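The task is simple: from the sequences and hints, build the whole structure.
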Amino acid sequence: MKSPFKKDVAGKPSAPTAPVRVKITNKDGAIAQPYDNELAPWFAKGWTRVK
Amino acid sequence: MTANNIGKTVYHAAAAPATNNKAGFEALTWVLVKGAITLPQLGITHSMIDVPDLQSGLTSGIKGAAQGVDTTATFRTVSADAGQAALLLAGDAQSGVGSVKIVTGTGTLNAPVAGDVVNYAQGVVHSFQPNQADDSSYEGFQIGFRQNDFTVIDVEPS
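If you read the protein sequences in the order shown, they are chains G and F.
Numbering follows my numbering, with no gaps: position 31 of the first sequence is 31.
Numbering follows my numbering, with no gaps: position 132 of the second sequence is 1132.
What the hints contain is simulated information worked out from the structure, not anything from laboratory work.
All values derive from a computational prediction rather than experimental measurement.
A portion of the hints provided could be inaccurate.
Dumping the calculated BS3-like pairs for lysine-lysine here, alpha-carbon to alpha-carbon at most 25 angstroms [as the list claims (entries may be wrong)]:
hint, chain 1, residue 1, chain 2, residue 2
1, G, Lys45, F, Lys1063
2, F, Lys1008, G, Lys27
3, F, Lys1022, G, Lys23
Now the stretches of chain F that chain G is said to cover, found in silico as 3 or more residues with beta-carbon under 8 angstroms [to be verified]:
hint, segment
4, 1004-1015
5, 1018-1025
Sample of chain G residues facing chain F (criterion: CB under 7 angstroms; computed from the structure) [as the list claims (entries may be wrong)]:
hint, residue
6, Gly11
7, Ala30
8, Ile31
9, Gln33
10, Pro34
11, Glu38
12, Pro41
13, Trp42
Glycine included, each C-beta is placed from N, C-alpha and C at the ideal position.
And the structure:
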């Protein structure tokens, strides 16, 4: 049973992670490496992740 | 201070960025093209729309559509240079979509270092033509670059 005197200690908020580059390719085989938080416009233009 | 252009280098990427800004261009895979003699001119031209006026008798101009300039770059042949090979491939390819990055690098052998001013442009690489051979000229080629968006002027990232 939880003690009524024990304080709830919230977990430390995790530090924001730095964006990392992701390797993507287009239909011509060109390679680009945008940051993972900037992928949307690339995917909108048909680029896909390199598996 | 006005400076000359000696030391400028050009890089080619075989794609256009998703966004016409530094982040987009820096995501591309750049390859130095060695042997540059004349770099492509970057910039935009605007059509003008004439607006005549009978009362004043003056035809004024307002700005019309913009389009990127289409200029020719020249190179001396550097055998086994990956940048030249990629540029020639783009010149003969059906789409030729690509980007260029021009920089006066302050690093070793003019390599760009953080803070160096960089010009980025996207467009179409086309019209590859080897120099006409004769007994008094060097081996080289010319190639066209038609710009398809505004030039992005920024600095080399760290």
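So, going through the hints one by one against the coordinates:
1. In summary, the hint linking Lys45/G to Lys1063/F is not supported, as the alpha carbons are separated by about 30 angstroms, beyond the 25 angstroms threshold.
2. Taking the CA atoms of Lys1008/F and Lys27/G, the gap is about 32 angstroms. The hint is violated against a cut of 25 angstroms.
3. Straight-line distance between C-alpha atoms of Lys1022/F and Lys23/G comes to about 17 angstroms, which keeps the hinted pair within the 25 angstroms bound.
4. Counting residues of the segment 1004-1015 of chain F whose C-beta lies closer than 8 angstroms to any C-beta of chain G gives 3; at least three are required, and the coverage claim holds.
5. With 4 residues bearing a CB less than 8 angstroms from a CB of chain G, the segment 1018-1025 of chain F meets the requirement of three and the coverage assertion stands.
6. Among the interface hints, the one on Gly11/G is violated; its C-beta lies about 33 angstroms from the nearest C-beta in chain F, farther than the 7 angstroms criterion.
7. Residue-level restraint check for Ala30/G holds (minimum Cβ-Cβ distance to chain F is 4 angstroms; threshold 7 angstroms).
8. The restraint placing Ile31/G at the interface with chain F holds, with a minimum CB-CB distance near 5 angstroms, inside the 7 angstroms limit.
9. Annotation: interface hint on Gln33/G holds; nearest CB of chain F at approximately 5 angstroms, less than 7 angstroms.
10. For Pro34/G, the shortest C-beta to C-beta distance to chain F is roughly 4 angstroms, which falls under 7 angstroms, so the interface hint holds.
11. A distance limit of 7 angstroms between C-beta atoms decides the matter here; for Glu38/G the minimum to chain F is near 6 angstroms, and the interface restraint holds.
12. Contact between Pro41/G and chain F, as hinted, is supported at the beta carbon level, the nearest pair being about 4 angstroms apart and thus within 7 angstroms.
13. Here the hint on Trp42/G is kept, as its CB sits about 4 angstroms from the closest CB of chain F, short of 7 angstroms.
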